[in-house]
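Asks: These are the residues of each chain, in order.
2 protein chains.
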Amino acid sequence: MLNRVLKPLATVTGSLTAALLIAAAQAAPLKQEDLSVAEVLRDRALESSDAYSLVESLTVEVGPRRAGTKGDERAVAWAQQKMQDLGFDRVYTEQIDVKRWARGHAHAEVTAPFPQPLVVSSLGYGASTPEGGLNAEIVEFADVEALMKAPARKVKGKIAFINKRMERARTGEGYGPAVQGRSKGMRAAAEKGAAALLLRSVGTDSDRFAHTGMMSIDGVANPVPALALSAPDANLLEAMLERGKPVEVKLDVHNEPLADGPSFNVIGELVGREKPEEVVLIGAHLDSWDEGTGALDDGAGVAIVMETARLISELPQRPRRTLRVVLFGAEEIGLVGARQYVDAHQDDLDNIIMVSESDFGAGKVWRFDTRIPESKFTIADQMMQLLAPLGIERGNNKSSGGPDSSVFVARGVPAMGLYQDGTDYFDYHHTPNDTLDKVDPDNLKQNVAAWVVMSFLAAEMEGDFGRVPAEH
Amino acid sequence: MLNRVLKPLATVTGSLTAALLIAAAQAAPLKQEDLSVAEVLRDRALESSDAYSLVESLTVEVGPRRAGTKGDERAVAWAQQKMQDLGFDRVYTEQIDVKRWARGHAHAEVTAPFPQPLVVSSLGYGASTPEGGLNAEIVEFADVEALMKAPARKVKGKIAFINKRMERARTGEGYGPAVQGRSKGMRAAAEKGAAALLLRSVGTDSDRFAHTGMMSIDGVANPVPALALSAPDANLLEAMLERGKPVEVKLDVHNEPLADGPSFNVIGELVGREKPEEVVLIGAHLDSWDEGTGALDDGAGVAIVMETARLISELPQRPRRTLRVVLFGAEEIGLVGARQYVDAHQDDLDNIIMVSESDFGAGKVWRFDTRIPESKFTIADQMMQLLAPLGIERGNNKSSGGPDSSVFVARGVPAMGLYQDGTDYFDYHHTPNDTLDKVDPDNLKQNVAAWVVMSFLAAEMEGDFGRVPAEH
Numbered sequence: 028m029l030n031r032v033l034k035p036l037a038t039v040t041g042s043l044t045a046a047l048l049i050a051a052a053q054a055a056p057l058k059q060e061d062l063s064v065a066e067v068l069r070d071r072a073l074e075s076s077d078a079y080s081l082v083e084s085l086t087v088e089v090g091p092r093r094a095g096t097k098g099d100e101r102a103v104a105w106a107q108q109k110m111q112d113l114g115f116d117r118v119y120t121e122q123i124d125v126k127r128w129a130r131g132h133a134h135a136e137v138t139a140p141f142p143q144p145l146v147v148s149s150l151g152y153g154a155s156t157p158e159g160g161l162n163a164e165i166v167e168f169a170d171v172e173a174l175m176k177a178p179a180r181k182v183k184g185k186i187a188f189i190n191k192r193m194e195r196a197r198t199g200e201g202y203g204p205a206v207q208g209r210s211k212g213m214r215a216a217a218e219k220g221a222a223a224l225l226l227r228s229v230g231t232d233s234d235r236f237a238h239t240g241m242m243s244i245d246g247v248a249n250p251v252p253a254l255a256l257s258a259p260d261a262n263l264l265e266a267m268l269e270r271g272k273p274v275e276v277k278l279d280v281h282n283e284p285l286a287d288g289p290s291f292n293v294i295g296e297l298v299g300r301e302k303p304e305e306v307v308l309i310g311a312h313l314d315s316w317d318e319g320t321g322a323l324d325d326g327a328g329v330a331i332v333m334e335t336a337r338l339i340s341e342l343p344q345r346p347r348r349t350l351r352v353v354l355f356g357a358e359e360i361g362l363v364g365a366r367q368y369v370d371a372h373q374d375d376l377d378n379i380i381m382v383s384e385s386d387f388g389a390g391k392v393w394r395f396d397t398r399i400p401e402s403k404f405t406i407a408d409q410m411m412q413l414l415a416p417l418g419i420e421r422g423n424n425k426s427s428g429g430p431d432s433s434v435f436v437a438r439g440v441p442a443m444g445l446y447q448d449g450t451d452y453f454d455y456h457h458t459p460n461d462t463l464d465k466v467d468p469d470n471l472k473q474n475v476a477a478w479v480v481m482s483f484l485a486a487e488m489e490g491d492f493g494r495v496p497a498e499h
Numbered sequence: 028m029l030n031r032v033l034k035p036l037a038t039v040t041g042s043l044t045a046a047l048l049i050a051a052a053q054a055a056p057l058k059q060e061d062l063s064v065a066e067v068l069r070d071r072a073l074e075s076s077d078a079y080s081l082v083e084s085l086t087v088e089v090g091p092r093r094a095g096t097k098g099d100e101r102a103v104a105w106a107q108q109k110m111q112d113l114g115f116d117r118v119y120t121e122q123i124d125v126k127r128w129a130r131g132h133a134h135a136e137v138t139a140p141f142p143q144p145l146v147v148s149s150l151g152y153g154a155s156t157p158e159g160g161l162n163a164e165i166v167e168f169a170d171v172e173a174l175m176k177a178p179a180r181k182v183k184g185k186i187a188f189i190n191k192r193m194e195r196a197r198t199g200e201g202y203g204p205a206v207q208g209r210s211k212g213m214r215a216a217a218e219k220g221a222a223a224l225l226l227r228s229v230g231t232d233s234d235r236f237a238h239t240g241m242m243s244i245d246g247v248a249n250p251v252p253a254l255a256l257s258a259p260d261a262n263l264l265e266a267m268l269e270r271g272k273p274v275e276v277k278l279d280v281h282n283e284p285l286a287d288g289p290s291f292n293v294i295g296e297l298v299g300r301e302k303p304e305e306v307v308l309i310g311a312h313l314d315s316w317d318e319g320t321g322a323l324d325d326g327a328g329v330a331i332v333m334e335t336a337r338l339i340s341e342l343p344q345r346p347r348r349t350l351r352v353v354l355f356g357a358e359e360i361g362l363v364g365a366r367q368y369v370d371a372h373q374d375d376l377d378n379i380i381m382v383s384e385s386d387f388g389a390g391k392v393w394r395f396d397t398r399i400p401e402s403k404f405t406i407a408d409q410m411m412q413l414l415a416p417l418g419i420e421r422g423n424n425k426s427s428g429g430p431d432s433s434v435f436v437a438r439g440v441p442a443m444g445l446y447q448d449g450t451d452y453f454d455y456h457h458t459p460n461d462t463l464d465k466v467d468p469d470n471l472k473q474n475v476a477a478w479v480v481m482s483f484l485a486a487e488m489e490g491d492f493g494r495v496p497a498e499h
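So the sequence lines, in the order shown, correspond to chains A and B. Residues in the first sequence are numbered consecutively from 28, following the working numbering. Residues in the second sequence are numbered consecutively from 28, following the working numbering.
Accuracy of the hints is not assured; some may be wrong.
If several chains are the same, the list does not tell them apart, and a pair holds so long as it fits within one copy or across any two.
[Stated by the list, open to error] Computed list of lysine to any residue pairs in SDA-like fashion (alpha-carbon distance at most 20 angstroms, straight line): (1) K183 / P157; (2) K58 / R345; (3) K391 / E164; (4) K277 / G131; (5) K181 / A163; (6) K277 / H132; (7) K176 / S433; (8) K97 / H134; (9) K97 / P140; (10) K277 / E88; (11) K272 / S84; (12) K97 / E341; (13) K425 / R438; (14) K211 / R192; (15) K277 / G159; (16) K176 / E121; (17) K58 / D491; (18) K425 / G439; (19) K272 / S80; (20) K425 / T405; (21) K58 / R101.
Calculated directly from the structure, the hints in this document are not laboratory data.
Make a model of the complete structure from these sequences and hints.
Replies: As structure tokens, this is what we get:
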């Protein structure tokens with residue numbers, strides 16, 4: 028299914044658009060023939076790229092793959108095999124160390140005044156209840172800041188309930204404010220002597236799924252059970268509290284912290300024909316949360332960057348620089364694969380001329396952000412000539428390149444970002460409902476079309492972007 | 028919140044529409060002054076009816092209420108108290124006997140060739156696996172008929188997987204064909220010697236919820252475990268099977284059949300001022316499935332018929348006939364409350380001049396069906412003059428009146444049906460996702476507006492519909 032062959036490119040150069048010819052005539056940095064190749068790649072991606080088969084394969088044949096689990100091991104094997112099958116020049120892994128954790132059961136129910144069960148999910152690294160569970164009154168906070176400001180006597184022995192809603196936005200910008208409750212909530216609850224934390228899910232849906240996710244636990248002296256509640260369940264608690272009587276909840280939770288263990292970044296390369304030591308790094312993360320099959324987060328990204336490289340590999344010759352696809356491990360538990368990658372390769376980071384990542388689901392790309400010197404904006408403008416027909420607008424120059432990429436950006440590596448439409452991304456994020464049926468194959472074609480333009484041109488262009496200071 | 032008072036009706040008769048005046052002038056069966064009252068009731072319902080508060084109260088203060096459970100007991104108490112608070116003239120219960128069943132755990136996972144967990148829900152009255160679970164190959168069937176026709180050697184010892192999709196429709200007409208797999212599948216699987224049944228959920232959504240529901244189990248000699256799979260999980264099995272290798276699934280299920288126990292029909296009446304022995308029976312069912320809070324099925328219906336009666340109770344005088352609101356018990360497990368009601372009252376069924384039920388969610392009413400003699404169509408036409416402005420069209424004369432009502436219809440009781448838009452009803456039906464947030468308060472106002480027109484006029488009109496033979 029993935030063995031289509033591109034026609035020799037010499038025959039198609041004639042399709043170069045008038046706009047491009049004009050741009051080329053102005054002696055802009057990117058060469059006319061390279062833009063021409065990028066345009067052909069783009070149109071072939073729209074027509075025949077098949078990232079969908081890759082995400083289908085990953086979700087069906089591997090499924091959930093939380094870092095350090097058996098599923099993660101299978102995902103690593105899958106990725107290596109698939110990269111070999113796709114014809115990458117080099118395929119290898121680099122070991123990383125992950126803090127492992129085993130999810131057990133998590134049951135919650137209101138015991139008074141209106142007994143009924145609740146739908147919850149343990150947040151990553153959450154503690155267990157005592158054997159047999161615990162029953163306590165809940166105390167509501169508008170957000171984690173309110174919990175942090177509360178007097179300990181108000182919280183001690185109770186279950187802190189953080190009830191902050193997340194706003195829907197195409198950019199996903201509601202996530203930042205809402206996720207504070209997840210990252211800091213358990214710490215704040217533990218410090219006040221709470222028995223446990225209940226958190227309205229960080230999500231935009233109204234489905235009865237709890238959204239799990241990672242918590243910041245370093246240095247937390249006495250971790251407590253911490254559970255996300257589905258939105259309808261948070262509504263239920265809210266409605267019960269409005270009736271003015273104490274609301275009691277019973278929790279029965281079991282999880283296990285395990286000894287640290289290995290995971291892997293999986294890396295595939297098309298080796299550059301002229302400057303193999305210089306690298307355009309395009310990434311996604313291979314791990315997922317454990318309750319869905321990780322189709323949107325981040326199977327789609329894995330498929331997009333792999334298919335991008337595959338399309339470029341079908342050109343008659345390799346690009347000037349190396350195109351390195353990195354499928355990061357353990358992103359979900361704190362960008363672990365990216366951090367350890369950067370540490371392990373710190374002497375070589377200057378050779379990474381640009382980093383980018385696909386990790387925001389499977390919506391269409393609508394914006395092209397960069398993090399390059401202003402003196403190089405003409406390159407982005409030239410790329411935009413090929414991206415604009417895909418419905419993509421020019422964004423800002425503050426791109427992080429994506430979650431894992433941000434670790435590179437912090438070390439001065441230039442970045443680009445193809446921003447996906449995330450309007451419904453947080454409906455599914457970190458829930459059992461992150462499954463293949465949420466992925467539209469046509470949207471993936473549009474993504475790959477944008478990615479081949481950006482990736483090929485960055486790998487082929489003369490010159491580079493230098494470094495971009497982190498405080499940029 | 029529910030103690031609004033209607034203005035004396037004498038002051039508002041002037042709002043009668045021109046169309047109604049013309050209709051009245053033609054000496055049609057319904058009197059002009061009654062139509063006028065119905066129109067006022069309708070407009071007050073649109074403006075100020077508050078069925079939403081009732082369904083909110085039922086879902087928050089009671090929640091899941093499967094027949095024969097503690098939740099069911101609480102629902103019965105809730106309904107009696109609420110009917111008294113709303114000012115019904117008589118509130119009483121009638122005991123019914125239900126076959127009880129305790130849902131335990133249900134875990135399923137693919138063990139080969141691609142190990143990963145599945146989301147399932149035990150179907151009502153399903154059996155348990157042996158202690159420690161069972162592991163077996165799955166064998167796929169397009170529908171229950173294909174399973175019934177299959178040679179036993181193909182099924183014996185395996186897990187039968189019925190993989191039939193349900194079609195979406197405003198009328199919900201896709202349910203009938205799809206639900207056959209649920210009602211007959213376990214019986215067919217057991218008869219072929221299958222180890223268990225896996226059923227693609229009878230639903231129209233693509234969310235990772237399994238849709239539970241009742242199975243026909245009478246006379247099944249050796250019941251086997253029977254589980255609904257969410258749509259994404261059925262897709263997963265389908266995709267694995269397409270790869271051509273045997274797919275094995277492990278099931279670990281525990282449920283318990285319990286001794287029969289009591290439940291109740293809860294009944295509230297506005298006693299007729301002239302013919303108290305004649306009854307217009309409007310119903311809904313009080314029980315729900317156990318994984319959601321039963322907002323759509325059938326909390327909305329409960330709220331609609333209760334609020335309908337409340338609005339009519341605020342008239343200066345009672346309608347000529349008795350308006351009887353029956354909240355049936357144990358509908359979900361086979362129309363048990365309705366069947367036992369009809370059996371207990373068989374000598375009095377001729378006094379029920381019309382039956383109707385609200386049990387199709389919380390969408391707007393879009394069609395008015397009847398089951399009355401053709402000689403009485405003018406009455407329906409007159410009602411339509413008040414219903415049409417609500418966006419309601421005239422439907423057919425084959426109404427069952429609703430699931431519980433169909434038991435009355437089988438005994439010749441005339442029926443009416445206010446058909447709701449069920450386009451998304453089967454996205455939520457019998458899942459944990461049947462929660463209050465799926466109910467739109469404005470849609471409920473439109474429902475109550477239609478229900479007051481139909482209920483008041485049927486209770487007030489001169490003459491009746493006689494009987495309608497079941498073979499009608």
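Asks: The structure should be examined with respect to each hint, and the outcome stated for every one.
Replies: Hints, one by one, checked against the model:
With identical chains, the CA atoms of K183 and P157 are at most 20 angstroms apart within one copy only, with a shortest distance of 17 angstroms there and 44 angstroms across copies. Taking CA atoms no more than 20 angstroms apart as the test, K58 paired with R345 passes inside one copy only; the shortest distance there is 16 angstroms, against 87 angstroms between copies. Proximity of K391 to E164 under the C-alpha cut-off of 20 angstroms is found in neither arrangement, the shortest distances being 45 angstroms within a copy and 39 angstroms between copies. Taking identical chains as interchangeable, the C-alpha atoms of K277 and G131 lie at most 20 angstroms apart whether they share a chain (17 angstroms) or sit on different chains (18 angstroms).
In this homomeric assembly, K181 and A163 come within 20 angstroms of each other (Cα to Cα) only inside a single copy, at 13 angstroms, whereas the closest approach across copies is 53 angstroms. In this assembly of identical chains, the alpha carbons of K277 and H132 lie at most 20 angstroms apart whether taken from the same copy (14 angstroms) or from different copies (18 angstroms). Within a single copy, K176 and S433 get their C-alpha atoms no closer than 31 angstroms, and across copies no closer than 59 angstroms, so neither meets the 20 angstroms cut-off. Taking the shortest Cα distances, K97 and H134 sit within 20 angstroms of each other only across copies (19 angstroms), while inside one copy they are farther apart (24 angstroms).
Proximity of K97 and P140 under a CA criterion of 20 angstroms is satisfied inter-copy only: 14 angstroms between copies versus 42 angstroms inside one chain copy. Taking CA atoms no more than 20 angstroms apart as the test, K277 paired with E88 passes between copies only; the shortest distance there is 17 angstroms, against 37 angstroms inside one copy. Taking CA atoms no more than 20 angstroms apart as the test, K272 paired with S84 passes between copies only; the shortest distance there is 15 angstroms, against 51 angstroms inside one copy. Taking the shortest Cα distances, K97 and E341 never come within 20 angstroms of each other, neither inside one copy (34 angstroms) nor across copies (65 angstroms).
Within a single copy, K425 and R438 get their C-alpha atoms as close as 14 angstroms, which meets the 20 angstroms cut-off; across copies the closest is 73 angstroms, which misses it. When the C-alpha separation of K211 and R192 is checked against a cutoff of 20 angstroms, the pair qualifies only within one copy, where the shortest distance is 16 angstroms, while the shortest distance between copies is 43 angstroms. Only within a single protomer do K277 and G159 lie at most 20 angstroms apart by alpha-carbon distance; the minimum there is 10 angstroms, versus 27 angstroms between protomers. With identical chains, the CA atoms of K176 and E121 are never at most 20 angstroms apart, being 43 angstroms at best within one copy and 54 angstroms at best between copies.
Taking identical chains as interchangeable, the C-alpha atoms of K58 and D491 lie at most 20 angstroms apart only when both belong to the same chain, with a minimum of 14 angstroms there against 87 angstroms between chains. Within a single copy, K425 and G439 get their C-alpha atoms as close as 12 angstroms, which meets the 20 angstroms cut-off; across copies the closest is 73 angstroms, which misses it. Taking identical chains as interchangeable, the C-alpha atoms of K272 and S80 lie at most 20 angstroms apart only when they sit on different chains, with a minimum of 18 angstroms there against 53 angstroms within one chain. With identical chains, the CA atoms of K425 and T405 are at most 20 angstroms apart within one copy only, with a shortest distance of 16 angstroms there and 71 angstroms across copies.
For a Cα distance limit of 20 angstroms, the shortest separation of K58 from R101 qualifies neither inside one copy, at 42 angstroms, nor across copies, at 75 angstroms.
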